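Each protein sequence line maps, in turn, to chains A and B. Per our numbering, the first sequence runs over residues 900 to 1319. Per our numbering, the second sequence runs over residues 900 to 1319.
It should be emphasised that the hints constitute simulated quantities derived from the structure, not laboratory data. One thing to keep in mind: the hints can contain errors.
Same chains, same label: a pair holds when it works inside one copy or across any pair of copies.
[Said to hold, decoys possible] Straight-line Cα separation of at most 20 angstroms, SDA-like style, residue types lysine to any residue; simulated pairs:
no., residue 1, residue 2
1, K1209, A958
2, K1178, G1295
3, K1100, S1087
4, K1100, G1026
5, K1100, Q1190
6, K1178, E1279
7, K1209, D1018
8, K1209, D1037
9, K1209, V1036
10, K1100, Q1264
11, K1209, F1042
12, K1178, R1189
13, K1178, T1113
14, K1209, P1017
15, K1178, D1288
Quick caveat, the model's predicted, so the values are computed rather than measured.
Protein chains: 2
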Amino acid sequence: MRRRALKRLAGGLAGGVAAAVPVPRAWAATEAGSGAAATSQRPLAPAGWTLEPGAPLVAPPYGQPASFEHDVIRRVARAPAMPGSGSAMTPLADLYGGITPNGLVYERHHAGVPAIDPDQHRLVVHGLVREPRIYTVDDVMRFPSESHIYFLECSGNTGSEWKGPSGLPVQFTHGLLSCCEWTGVRLSTLLDESGISPSAKWLLAEGADGAALTRSLPLERILERALIVYAQNGERLRPENGYPLRLIVPGFEGNTNIKWLRRLKLITAPEMTREETSKYTGLLPDGLARQFVFEMDAKSVITRPSPGHKLTAHGYYAISGLAWSGRGRIRTVDVSSDGGKTWRPARLVGAVHDRALTRFEADWQWDGGPAQLQSRATDETGYVQPTHDALVAARGVNSQYHYNGIQNWRVDANGEVRNA
Amino acid sequence: MRRRALKRLAGGLAGGVAAAVPVPRAWAATEAGSGAAATSQRPLAPAGWTLEPGAPLVAPPYGQPASFEHDVIRRVARAPAMPGSGSAMTPLADLYGGITPNGLVYERHHAGVPAIDPDQHRLVVHGLVREPRIYTVDDVMRFPSESHIYFLECSGNTGSEWKGPSGLPVQFTHGLLSCCEWTGVRLSTLLDESGISPSAKWLLAEGADGAALTRSLPLERILERALIVYAQNGERLRPENGYPLRLIVPGFEGNTNIKWLRRLKLITAPEMTREETSKYTGLLPDGLARQFVFEMDAKSVITRPSPGHKLTAHGYYAISGLAWSGRGRIRTVDVSSDGGKTWRPARLVGAVHDRALTRFEADWQWDGGPAQLQSRATDETGYVQPTHDALVAARGVNSQYHYNGIQNWRVDANGEVRNA
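Model the full assembly from the supplied sequences, consistent with the hints where possible.
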């Protein structure tokens, strides 16, 4: 039967990976005679929690994660230079599917999280328009809405790897990355209310936080897709994600998705704000800098196994990870277990949305020897995620932003996974 | 310009609703000269929260909703008959898009929420199989996984409306309804490991809670689609939603999606458990009862405006609601503002997933007179959501479960919305 069941399962897997069939731990343990924990007890004996009533309803009325998951939290990457400035990373190694739960969406603030009263907040539309407008939050919420699942990635994400493996786990190398269902009003709907002047080519967006974070955006490229958002994953925005209003510019680097949005000004040319001159530009080897690089290039990373995980048994593993592109849908993801010498296609195991985190999986039989796990994304434009060396050859090691090289995780013979 | 912008917006809306164009409050207020709050202040003056740094990072590291949203919580429908028994409803009137955030997913427990240690929990597969198996949670998580967005609805949802309008708001009439991205292993993958005997026709699934909630399920109808789930919306299951393992049977009534799953037994015929004999059956007028009615029929409800909301100005409103079907995708939703005399198509304003909550919107110009708002879903099988009267004619008023009649919200001339 064992052969038959395995054959049936292998036949049901995409990619034609004949050697890759599941050997889950309990089964391997039974075969090897080492599955004491699973087999020495009476399996159907009711546990303590079956013998008594559990906790009452709505305790609390806004639910919280299981206490056993207390370690699945955002973590701060570095000490802030000023109060409230810094970033906190999403624990990718402990997440599943494509959605990031609101409590774990990454944070990047330039002056902390403002406590904005939604009744007092205003959004101003002005500049090259026929009629400036002032909106309350309720006003914005009365327009027709749309809901879309989009990723957000800080342009500084994975900047730790420019000069080679940092040794850090995936939460710190790739954790400035999240994906939510966003609900809001199209930017074009709101701007049409004011009437866009023909001379308007750029849009200045400003936040109401203490940094008044401000970016210039190319109007034509964002007009139809950008959203003025008030909800994420079904509920109102979280304070750290821009409550009560934020801009979502799908596929663009995180900082352009202005949080706590208070001002939209139509202009003829970029304002050259702090965040698009001294910051968020990429220094090249010849001393010039790339500026206004908005789209996040196609990228992927294996989240399981990843540094911090330890392989405890030889045999089957489902390698799992995330792929995304700021230019559209993910077309394919390939996986290597020999450091990029050979590749095989992964399965996309959830819905494939435009500009959204896309979960992939690939079967892998660990033979107990050293291995090097890598993933490589290709998006619908045909762009292929580059190797670290190719990226450095093109951009040097001082670019700081927009690192999207293929990530390598080493698996040692003892089962430890390292970023080395 | 006003006419031009409105024309452009109307032209961009589906459904050809020429009269329905946005008149957001600030704009209407400016026209009417009553927009004091929005126009009497200096619009660009920075607020207090812009003048100082905000709250520091990761405070808390697992994020929480904005304090201003403290009223958006689950609410208990009725006092429990025994400790931990009862239900808590999702606040649909305050949610957006299609995803339900994990903290607001509805609850229905028969003996409270068990505090299960995932390291101690076991899942047993036995009965008509060639090799029974015992799995740890880690074992289950090593199998190939899939992620899908599916709704969950309690079969008792909206049971308050069998005998006519209950007067209750939508959280209490329709709030035993949620939708998450679920991640887990296909039931077929797990059962193939044990080898399904040809005589196995039904599956008994049992929970590890104090009620040991147990249901019989028709194997062939659920084998490929059902999932053994360990994550919802990206993170591990919440305790009240089945941590560490639950069954998801897409489209089937909520109680069959066994939480805290500890046992799967393959059998030849239903076990006739308490939950499929004295409970979860539908009493018909002739005294017979419908049994093993699994799929939730196509249904929809307007969540905004709904009872508790008050319309404060005449003019444009985007009527918003949810539609879903246990038999596949939603094909269309129609909306009426005259109590079902005339209907017009709504827009589906997010992704339309199989067996998932689907957000719809329709434009409406409120003229200030009384109105009756209704929505009507049609699924991909062609099934059309019935009126209350047609449903009662077929099933009487003692069915208790599977109420899916068209819901009517009355709008009074003073702007109040009532379930009457």
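Among all the numbered hints in the text so far, which are the ones the structure does not match? As far as the earlier hints go, 1, 6, 10 and 15 are violated by this structure, in ascending order.
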